[in-house]
Structures are given as structure tokens and as C-alpha cells.
Amino acid sequence: MNFNLSEEQNQIRDSIARFVQENYAFDQRNAVVALEHGFSEQHWQQFAELGWLSIPFAEEQGGFGGGPVDTMVLMQEFGRGLVAEPYLATVLLFGGLLQAGASEAIQGEYIPAIIGGELQGAFAYLERQSRYALTDITTTAEQKDGKWIVNGEKTVVLNGGAAQKIIVAARSAGEQADESGITLLLVDAGSAGLERTLYRMTDGQEAANITLSNVEAKAVIGSPGEGYGLMASIVDEARLALCANALGALESLNAQTLDYCKTREQFGVAIGSFQALQHRLVDMFGACENVKSLLYRAVCAVQDGTEDAQRSLLALKVMVGRAGKLIGGEAIQLHGGMGMTDELSVGFYVKHLMIINTLFGDADYTQQLFAQLVNAAPQAGSAAA
Amino acid sequence: MNFNLSEEQNQIRDSIARFVQENYAFDQRNAVVALEHGFSEQHWQQFAELGWLSIPFAEEQGGFGGGPVDTMVLMQEFGRGLVAEPYLATVLLFGGLLQAGASEAIQGEYIPAIIGGELQGAFAYLERQSRYALTDITTTAEQKDGKWIVNGEKTVVLNGGAAQKIIVAARSAGEQADESGITLLLVDAGSAGLERTLYRMTDGQEAANITLSNVEAKAVIGSPGEGYGLMASIVDEARLALCANALGALESLNAQTLDYCKTREQFGVAIGSFQALQHRLVDMFGACENVKSLLYRAVCAVQDGTEDAQRSLLALKVMVGRAGKLIGGEAIQLHGGMGMTDELSVGFYVKHLMIINTLFGDADYTQQLFAQLVNAAPQAGSAAA
Amino acid sequence: MHTRFSEEDLAFQAEVRQFLRENWTSELAATCANRATMKEGIEEWQRRLYKQGWVAPHWPVEHGGTDWTVTQTFIYNSERAAAGAPEVMPFGVTMVASVIIAYGNDAQKARFLPRILKSEDWWCQGYSEPGAGSDLASLKTRADLDGDEYIINGSKIWTTYAQYANWIFCLVRTDSSGRKQEGITFLLIDMNTPGITVRPIQTIDGFHHLNEVFFDNVRVPVENRIGEEGKGWTYAKSLLVQERLSIAEVADSKRALTEVREEARAEVNGGVSLLEDPLFAKRLTDIEIRLMALEYTELRALASIAEGKEPGPESSLLKLQGTEVQQAIQELRMDVAAYYSGTLQGDLSAEQLGHDYADTAQKSYFRGRASSIYGGSNEVQKNITAKYVLGL
Amino acid sequence: MHTRFSEEDLAFQAEVRQFLRENWTSELAATCANRATMKEGIEEWQRRLYKQGWVAPHWPVEHGGTDWTVTQTFIYNSERAAAGAPEVMPFGVTMVASVIIAYGNDAQKARFLPRILKSEDWWCQGYSEPGAGSDLASLKTRADLDGDEYIINGSKIWTTYAQYANWIFCLVRTDSSGRKQEGITFLLIDMNTPGITVRPIQTIDGFHHLNEVFFDNVRVPVENRIGEEGKGWTYAKSLLVQERLSIAEVADSKRALTEVREEARAEVNGGVSLLEDPLFAKRLTDIEIRLMALEYTELRALASIAEGKEPGPESSLLKLQGTEVQQAIQELRMDVAAYYSGTLQGDLSAEQLGHDYADTAQKSYFRGRASSIYGGSNEVQKNITAKYVLGL
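Chains as they are written, first to last, in the working numbering: chain A, 1 to 385; chain B, 386 to 770; chain C, 771 to 1162; chain D, 1163 to 1554.
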């Protein structure tokens, strides 16, 4: 049992921290987010050169062969700097699905392109009505003349604007919310019949609603009708990565707030000298440490393949949602009027954390999944192993 | 619209406050609770002489003809002093059921006896398994040769030790948790086949488990098989009275804690000068005012017969449960080690409030009743009228 | 003790409903909801209230008040909020007018009150400064007497709708020698005076409602001073009590909660309405129960005032609890909107975005964070309650 | 970064389980649970641990420690708590022993440590005084040097199990001239010395575990002083860190939570198990999630210590969060017991009362209120964390 990073992991962490320091000051980030698609193509190329885009891919596909701890380190530092580049969408979701379910031919073509920084992707799983039920899918996929034809609409597709290729979750059989009958299809963003409506999220990233009218898919990812298991496992990996990202953002927000409380004076003293605020700052610190402990717990359990993995992952996602609300709310409140302005980065961190809460199920929804899991049967005692 | 007491109500309040001041100092209360059955027969006679036992009864039965505001005033002052005499059990529950459902002959015999302080009663509605489902009754009532015969066990019957007469909720028809098929029966505590196991509650009052083996009832209260409606309406009245009692206890506990914080010194200053504690004391004050506002709301709505009554009553019971936990917990914590001892009355107030939370459904249970009521259909806007 | 409505109350309720039906039209609501036309919409609404005589119910009758009973005030506010109509902008009618009525001279009353009633002036508030937020009394904007004019230098911040205002009421420092609460003077300043510039502040809700107002040798006639020089703090403090009562916005929270309930009823997750989701129902009813309490806390305070008594200690909680409830409703609505709460609608239609209230929910949420900061932050409210109510 | 168990770890786990099976018998558990025989039960349990060599795992090996890895410590504690076996009484093995090992002389180590290991002495703690609770350093009990003896006058309060103890370790004042933290001396006092009287304090849980201890001209040999005169505060402070770690009781909370879950599963309300009640499930899982976090916060601290590093800043939260979780579980269990949580079982059997854990639940709840008061109140913990961790 140990909670230390390897030397390699420390190097990744340090190099991202350096990148953030040099490229993600407040005005720099604003400029990046103002670019088309809300991120910097130049940064993305830098990520490719530094090897960051290769981290989760297997060595035989030209990747670094990293595990969940490596992804955690990277996403945490990205979160600390509120890095806008679409690592989650392209590498973890799109790339993750390809690696787990695409044919060798497609893997051989696409994964090197992702690693090289040439290919942007997205995963379109949400619809207007779906809320947090991943299985609630009305977009249809039908086979005609040996081809898969997709019809319907997917919404709030992260990185949906920049993505050249998109994996779409569609229904090829079954009722609207069935687990079976879901098929994942790879489509070209430039396909005939595919239209995108672009908009921004509150933290600056771009999303798209995508309508598909008789769009011909390039390939099925995984097995037809059995896409749910595949997407569920990639969503679990993404949850872990997102929570690491949240931890970085929470740590940064706590540090900013603490700094502000130490320097902002009212009534002739720093506001951080008021005991009532001190106790609240301790609660914020505690919430952040809870997230960290659950993140370490979940990442170890996932990596070690223990039975604690699913339980820890859900617990972590709940805690991230709650800690985000607590720390986000307090960060604005303790910054006072300044916290209300777009002249500090506080608001952007808060918005990013609120979006993370809603991705793949918010705290309340996830807690009910957690309750079902742990209350199902009398439990064995031990947590680790 | 006004929230003032009448002159008569002010007199009742003042006379109870005087009684408490003279008879309910810490040592005096301990002595009272140590008596057989946990209260003072002498006090009870005094209550009779002062007319307090007559307040909720109709004038034609020799009562004062008081309404919910009168009962509120009385119960609030009893709560402030943690008065141990069984007003709830004998006057409000037992007496309330008689007034609402007994034959004229029984009313004419029993109600004057209650008012005169000669008769103690109890209402036995709980069973081991029932938790908060008032309808969950396995004790049976069968008619044999024109007589009602009761078999089963009732538990945690408040004032079950001193009670000479007991109204028992029994099942004469239907399934275990049906609303219909419940019959309320008046039994004599000295009946053949009736056995009592006495014990104390944490706040000092006495309760009993009562087993009934072929006990012959004296009378049916209300109509056979239709006891539920009757008991539900009396339970609603008792809820309101209990919440008034809780408010008195909460106000007293807040006052005691505030006093302690102003006088107890640590680090060379009164602990009430610490800002973190001040903010918590403000929260305690706020919780108490919330209870007060909901109590006024509920008592007015019940008295005025508005559609807001049931909603307000349930909201009040929820708030009383939550405020009791908050204020009770903080009262002990802020009293520090002293709060842990039986050398102050703090602990007894806390225990009394925790018991009130569990009577007729705790905060969580009652909140679900509230949610069912308010979420049932799109709501009209207005609260009053 | 009772809350029954009398026959007169019921007749008044009918009158209010009729007025709202006829005057708070869907056209006017749309004008107010659009950022580009909001100012005109609000002024039009206030003119309609003026015609009815209801623009300033709490003023003394001789200046245009209504002399309503507590019950009537409660009825008016409940009906107004239930209809979705806004409160009158507080800066003129509620804030500066209270000070003018209490401490202004006859000339000032005659000059300003009728224009406020008729919405001919738009007022803004010049209290906070970059270095003086919760510690308001440490303000530094100077007013130096020069003949029969003050010369103002300094700046004010967080000034709501300064871009629309033609008048600002300010606390300025006329003396730095004594206690910081002394030496503060209350001035009325024409926003068109040379030397005033307004800088917009972009806020986290994406709106422009806050500003910084700079004063560079701005000359203000002494006749625009309220009361005595150096007594401004006293005048402003009395106004803060009024502000505290108005910030609670209980009736508006009731409407907001009803809206959230219906939005939740329509949201379906895995085939089940969100309203049936027990954790959601718990959060919703937690808020509703607090709001039901708060409504009566406010009524208790109003009933005291109506009897000519000071409002009880419970009134100190109104701002604190009122804003807590508002923020809880805003947060809940974000969660009802789920992942759409993270979207910015921009120029898209709701149909294009795929959601019809997420954008509003998100903006209200972020804008609402300010309610626990302004008007004396909630931390300051707790300090005040601890000191003056609990005697700590 | 990993939490895998090695082969050795699994073998150790099996050994612990076997030891517990053979030694933590149901007879012994019953002896410990009975108030009349509790002391003997605890001493017997500690003797069995001593025979196994496990009574003081954290001591240096030369004095009787085990030199376990973090994982082994974690395994031992998890298994012990899951079996329902108690921790060793902390006053000797954890508290005074830490000070003796760190600051005692060789004679003191040789005299006291073996007797602690063998449970031949029962220690209690003499820190708090009626006027000195959270403000511990303001203590007034005096020790005046008279030849080679100190003469002690004063009193100590909240002394757990003083009625069983034959030794007490005390902070006493040997100098009142300087800062209050200076002039405090750490003494070991034989409870059988003339002049010591013990007054029981009845507590809200109905037990007698707390006492007040009075010292009336009690003579204590100077050889019973730890380290230097006037340095007692420093010694005691280092011990507080140890105490803070042990108060979290994470493994015991895990067992308690498992018990509550099963009790709730068996409670039926209107035909539905309480475990299916969504509000109950919410509260239960709120606690479980916090506890899962806390478990790893503790492991992170233990892992740091095992590597010879200071525990990280997160360790300052252990006492605070550990006691919050304990209290939340106790409160939840009260609610599971419903109206029975208000009953006192007294001399009745569970069958007569009609409920089998309500009485325990109620006593644990009230006793548990102390955990946020002793060992440095949670308010003091927050002050410490704000100052030393957050730098405020």
C-alpha cells in the first residue's frame, strides 16, 4: 500500500504544471477560449509533441500504455489550470471507445491520428429527453443494404464542433430505455445529412446539437445491439478522469480563496482572521481532502481490479458533486463582489465544476446508484482487497 | 391578521409560567420525576384547581371550551419548564378521543372526572412492529356475545402506568395495515387479562407495554371498524400541541445555552465572544424562530379551518424534529463537558425533544407525507385563506 | 391570533387580481424579460402602478402611500408575485425615498418624491467602494466644500444599473478626523454632472447590471445634501433596515418554487418524473418548509410594524433566511435542468438549444449568488443578529 | 500508488482472523458488554493480546511493538473492528506510554512500560479542570516542590474511569509567573496516595464513566516527574497528535454502519423495509461515502508516517471528521429505533421491552456527544487546522 507517484508520473505532472504556468494565466485562458471551438490548436499540437495524447493508448498502438493513475495525474493538472483543450472528448471518450471496441483496421488508422494530434473526436450519447439515463435513446440505427443508417438528434455533444469523427449511440432494437439494442456508430462529421448547431458551455468549452438524417455510418464500434456495456465501461473511466480534473480545480479554487482571505482587508484586518470564516475555510479544505481520498481509493481499486472499484467510483462522483457546490459557493461568497465578476477566474472554476457535476449523472442521481449497489445485500466488511 | 394572544390567553400563560418558576427548578423536577409514575399527583390536583385540565373540553361538558391557540399557549409553557405531568396522554389524547367519539353517557361520566383531576387515561396505539404506520395493528377486537374482546400487545403507551382507563386501537377487520377495520376500545386498566410492564422514557416520563388476553372492553369509542379517522384527527391535534410543547423547550434550551456562552470563560474571554460560536447561536435562534412561525401558521390555519392546515401541520412537525436535533446537539456541544452531565437540565431537554421527534412520525417520515400532499397536483398560489 | 381574511380583504384581493390581469399583460412581461427593452418595460409597469396609486404603498399617505393593512400588503405582494410581476425598482421608491421622507427638507421632498412616484427619475445607489464592502463605513470618496458646492472625488462600485440612472444617492466622506462612522455625508447627485464616468462590470451571469462609477472633481450643490453634514451614516443605517425587509422576497420565492415544481414534474429520468424522485422531493420540500416558515416570520414582523411596534427580533433573520431560500431554489432549478444547466443559449432559440429554461436557470443562479453579498453580507447579518438580538 | 495486498499481507490477515476467532470469544464479549464485569473483561482481552504480542503495535520494537507495515496495521484494525473487539484502553498503552517512551528516563520506562503491556496498571488522564476545558493551558492544579516530593493541590475533571485506575498522569502547575503554557509539569501519580478522592459524575447516557479527582496535599516523589519541570505542555502536545489519530475510530465506525444497515433492513414501516426508504438510504449513504473517504484519509496519514515522513495536512481532519461520522451513525441508529429510542430498558429484558438495540442505541448516542468535546473540542481542532494547516 502506498500513495506515491512513480518518477514518470511526477514528470508528467511537472511538465503539465509548467505548461499551465506558461500558457494559462487568466488573460491567456480567456484568449484561448475565445478562439474558434474554444481551444487552441497550437496547444493541441504541443500536447501531441509532449506525448500527452498517447498516454492512455496501448503500446502496440503507439501509445504510452498508461493506466488510471497516469490519466489521473494528467487530468488533475489540467483541472488545476482549467485547461480548455478537449482531452476528455477526443482522447478519453472517443479514443477510449475506439480502443475498446473498434476493428483493428480502424484502430490502426485513427489511434495514431489522435496521438499525432491530427484527429478530433466526440462521443454523442445524450438526447433532449435522456437526462441521466444513459440507455434512454431514441436516435435510430437501421441496417439497409449492409450499411448502417442513423436518424435522430444527439444533444450537448462536448467538442461536437471541432470533432471530425463522432461516435453516436443509437437504438437498433428494443424499447426507449432498454440496455440492449444500443449500437455505437462511427460517423464522419462531414457526412451528408449531418447538421450541427454549435454553442458554448458556461466554462467556455464548445458543445453541439447534432441532427442526423439518413446518415450513413462508417462502422459499428463494438457489437451491434450491445453497445451499452462498452459505453458504460468507458463512461466509468471517464468518470474517474473527470473527478481527477475536478480535484485539480477544487484545489486551485481553495488556494485562490485562501489567498484572497489572507490579503483582503475589512474592518482593518484580513478577512481570514475572522473565526467564522476560518471554520468555513477548514470545511472547504476538508471537502477537498475527502475528494482526494476517494480519488486515491477509486484509482487504486480500479487499477488493482478489486471489488471496491465500482463502489468507490460512485462515491467519488457523489463527493465531487457535493464538494464542487460547497467550495464553489463559498469561493464566490468569500470573494464578495469580486467573486461575482468575470475579472477573476473564480467564476470559471465554479462553472466548470458545476458542469462536471452534471456529466454522467449528478450527485443525487449517482448517490441513488450507489445506494442500490451497497444496500443490495449484507456486505462483507473489508474495503481494500 | 394578528398574532397577539387574548387577555385570557396571556393570563393562562402567566399562571403556568409562575407555576413553573415555583415548582420546576432543576432539583424540584428531579424529585417529581423520581416519584411513582414520574409525576406529581399534587401538581395534577393543582392543575385541576387552576382549571387547566378543563381547557380543551366543551363548555357543555364543564370545560373551558378552548381552541387550538389556548392549548398551544399551555403546552408551550409546559415545554419551557419541562413539566412532567401527563397532560398530553390524559387530557389531549384520552380526553380528546372521548370528546370526539364516546357516547354521551361515557362523556358525562369521564370528562368531568378528567377535569376534576380524578381520572388518568392513556391511548394505546403503538405495537412492536408498527413504527410510524398508525394503521399497522395486529391487536384484535372481536365481538362475542355482544361484548368486545381484545387480544394482543400495545407498546410504549405514554402514561400507561398511571392510567386507570385506556383506549386501545385494535383490529376488528381487514389486513394488518388497512385503514378500515380499526376499532377503538375503552378498557379498564384493572381488567382481568390486562398486564402492564412499566419503564421510563429518557426524559423521565413513564411508559408501559400492555398485553391483553381476552380483555373485555367497556365500550367502543367512535364506530366499530372506523376508528382510524377518529384517531387520525386526534393525532393531528396532538401533533400541534406537541409542537407547541417543543417550542417552549427549544426556547428554554436556547436561552440556557446563550446564558452559558455569555458567562463561561475560556482563553480569558466569554466563549460567546467567539465569532464561529456566535454564528452558530444565530442559526439556533433562526431554527427556533422557524418553529415559532410555522406554529403560528399551523395554529391559525387549524383554528380558521383553511386549506393550509394539514400542510402547515406537517411542515411544523418536520421543522420541530430538525430544529430539535440542531438545537439539542449544539446545546450539548456548547455546554462542553457540563452538557454531558446530569448536573444541568440541558440533557433532559434534549431527550424530551428527541422523544417529541419520534411521536406520531419523525421528521423524515413526516416529510414524506408532506411531499405526497404538496406534490400531488399543481398548486394554487396563496398560503393564507 | 388569527389569519382569516375579512370580507374587505377578499374584495381587495379581487381588485388586485383584476388590476394585474389588466395591467401585467403578456406583452409587458415580454418587454421586461428582453434585456434590450427591460428599462422601458419596467418604467411602463411602474407608471401603470402609479396610475393605480400603488407604486409606493409603504409611503406616508400624504406623499402617495396607500395605508394598507398588513393583510392587504400580504395580499398585494402574494398576488403580484404569483402573477410574475416584478417589484418596483427599489433604489428610488424604497431606498432613497425613505431617507428623503425621513430626513430630507420640504424642498427636497417636493422636488424628488413626485418624480420617483412617476418613474421620471432612475436612481442608483453609491455606497460600496473597492476597499469598503462589508466594512462600509471605511469609505474614502471625498466631498470637499467649496462655496455652496461639494467637490467629489473617488469611486463607487457594484452600482446596479448605473448605466440607466440619472440620479445617484451617495455616501461621501466630508471629514476624516474622527471615528470612521462620523464624517460621512449623504448626497444626491445628478448623474449628468460633468466628471462622472461609468465603467461596466461584466458579471458571472453574463449580464451587465453592475458598474463602477468614478467621480473626478464633480460639483454638487449643497442643497442636494440630505440633513446635516456628517450624519449620513445614521441616515443610511435606518435605510438598511428597510432594505433588509425588502431583500427577503418571500412572495417571489413562492412563485419561483412553484415554477421549479412544475418544471420538475415535466422532467423525466428513466421513465419517472423527477418530482417522484425521492431525493429531489426531499430537497424541494426542505426548501418549501423553510419558505412556509419564512413567510410567517415576515408576517409577524409586518404585523408588529402595523401595530406601531418595532418589528421583533425575528426580523433580523429575514435577509439571511430569505436569500438562503432564494439561492436554494436557484440551485435546485439548475439541477432540474441537468446537463443543460451548463449551456449558454446565446442567440439560439430554445428549440435549437433543446431546452427552454436552462439558460434562465443558469443566469438566475449566478446572478443570485450576489444576494448573500450585497445589502450587508450574510456574515455581517449574522454578526448584527448576534450583537443586537442575542446580546453577544 | 496501489493498495494491493501482498501474499504476506493475506497470510497476516488469516493469522489475525484466527487469533480473533480463538480469543475474542462470545463469552469474553459478554463479559465486556456487562457494566458490572466490564473492567475484568477488558483486562482479560488485553492480556490475550499481550500473549500474542499485539497489545501495543505502535510502540518501538524494543519495548514491545510489532513493527507492522501500514497495510498490516490497516488489516489488524479492520479485522478487529469487524469482529466487534474493542481497541485497547488508550490511557496507558497509547497516551501515557507515548510520553514515557519519548520523554521518560530509563528507570521510568523499565518501571511502567512492562506493567502497561501486561495490563497490570489502569491509567487515567488528569488534564482538564473545571475552569480549563478547551483552554487546557489555563490549568490551576498546583504542585509545590518540598524536598524530593511535590505537594499537589487542586482538582481534575472529566476523568474517564478514574474509579478503576491505580495511576493517573497529570498536568500540574509548578510556576505561575510566565506564559500560561510554561510552568506546566507532567507527573505520574499513584491513585492510592493519601489525599486523592474521586467523585463520580453522572452523565446523560446513564453510565458512570466520568469523574472529578480531588488532590488535597497529595505528595508525589520527584522521580515520578516526566522530563524537565515546566516542560509538561510540550510533552502533552506531542501526545495530543497521537490521541487525535486514535479518536477517528474509522474501523469501528465501519462496523457500526454495517450494523445499522442490517438493523434498518429488518425494520419495516407500512410493509416496506426502512432500507428501501429513500430518505433513510440517503442519510445512510451520505455517511458511508464520508466514511469511505475518511478511511483513505487515515491510510494516507499512516502511509506517510510509515515512510518516516510527517503525516500530511489531511491528518488534522481525522479527529474532526472521525467524530462527525461517529455521531452521524449514532444519530441514524436512534432514528432506526424510532419511538423505542426514547425508552430506558432498565432491568427489563429486550423481549419485555419489545426492542433489542434501542437501549444501546440511545446510550451510545448520548455518550457519543462527548467525542466532539474531548481530546480538544472540534472547535479547537478547526482553529488549529486554520492556523497550522491553512496558515490563517
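No wet-lab data here; the hints were simulated from the structure.
One thing to keep in mind: the hints can contain errors.
Listed next, the in silico DSSO-like pairs over lysine-lysine satisfying Cα-Cα at most 27 Å (straight line) [unchecked claim]:
(1) Lys262(A) x Lys910(C)
(2) Lys1444(D) x Lys710(B)
(3) Lys950(C) x Lys821(C)
(4) Lys1280(D) x Lys1213(D)
(5) Lys647(B) x Lys910(C)
(6) Lys710(B) x Lys1052(C)
(7) Lys647(B) x Lys1271(D)
(8) Lys809(C) x Lys879(C)
(9) Lys1393(D) x Lys1213(D)
(10) Lys710(B) x Lys1157(C)
(11) Lys1549(D) x Lys262(A)
(12) Lys325(A) x Lys1052(C)
(13) Lys879(C) x Lys821(C)
(14) Lys325(A) x Lys1133(C)
(15) Lys262(A) x Lys950(C)
(16) Lys1052(C) x Lys1342(D)
(17) Lys1444(D) x Lys1393(D)
(18) Lys1157(C) x Lys1549(D)
(19) Lys1157(C) x Lys262(A)
(20) Lys1525(D) x Lys325(A)
(21) Lys1280(D) x Lys647(B)
(22) Lys1471(D) x Lys710(B)
(23) Lys325(A) x Lys647(B)
(24) Lys325(A) x Lys262(A)
(25) Lys218(A) x Lys144(A)
(26) Lys1471(D) x Lys647(B)
(27) Lys1393(D) x Lys325(A)
(28) Lys1399(D) x Lys1271(D)
Verification of the supplied hints:
1. Lys262(A) x Lys910(C): holds, 22 Å
2. Lys1444(D) x Lys710(B): holds, 18 Å
3. Lys950(C) x Lys821(C): Violated. Lys950(C) to Lys821(C) sits at ~43 Å, over the 27 Å cutoff.
4. Lys1280(D) x Lys1213(D): holds, 9 Å
5. Lys647(B) x Lys910(C): violated, 36 Å
6. Lys710(B) x Lys1052(C): The hint holds at about 18 Å.
7. Lys647(B) x Lys1271(D): Answer violated: Lys647(B) to Lys1271(D) is near 46 Å, above 27 Å.
8. Lys809(C) x Lys879(C): holds, 25 Å
9. Lys1393(D) x Lys1213(D): Violated, at about 36 Å.
10. Lys710(B) x Lys1157(C): OK: Lys710(B) and Lys1157(C) at ~25 Å, within 27 Å.
11. Lys1549(D) x Lys262(A): holds, 12 Å
12. Lys325(A) x Lys1052(C): holds, 18 Å
13. Lys879(C) x Lys821(C): holds, 20 Å
14. Lys325(A) x Lys1133(C): With a Cα-Cα distance of about 16 Å, the restraint between Lys325(A) and Lys1133(C) holds, given a limit of 27 Å.
15. Lys262(A) x Lys950(C): holds, 23 Å
16. Lys1052(C) x Lys1342(D): It is violated: about 50 Å lies between the C-alpha atoms, which goes past 27 Å.
17. Lys1444(D) x Lys1393(D): violated, 49 Å
18. Lys1157(C) x Lys1549(D): Status holds; Cα separation ~26 Å.
19. Lys1157(C) x Lys262(A): holds, 25 Å
20. Lys1525(D) x Lys325(A): Distance of about 35 Å is beyond 27 Å: violated.
21. Lys1280(D) x Lys647(B): violated, 47 Å
22. Lys1471(D) x Lys710(B): Distance ~41 Å between Lys1471(D) and Lys710(B) Cα, so the pair is violated.
23. Lys325(A) x Lys647(B): Violated, because 35 Å separates the two Cα atoms, which is more than 27 Å.
24. Lys325(A) x Lys262(A): Given that 27 Å is the threshold and the Cα spacing comes to 22 Å, the pair holds.
25. Lys218(A) x Lys144(A): The given pair, whose Cα atoms are some 13 Å apart, holds under the 27 Å limit.
26. Lys1471(D) x Lys647(B): violated, 43 Å
27. Lys1393(D) x Lys325(A): Violated: Lys1393(D) and Lys325(A) sit about 46 Å apart, past 27 Å.
28. Lys1399(D) x Lys1271(D): holds, 20 Å
When the structure is compared with the earlier hints, violations turn up for hints 3, 5, 7, 9, 16, 17, 20, 21, 22, 23, 26 and 27 and for no others.
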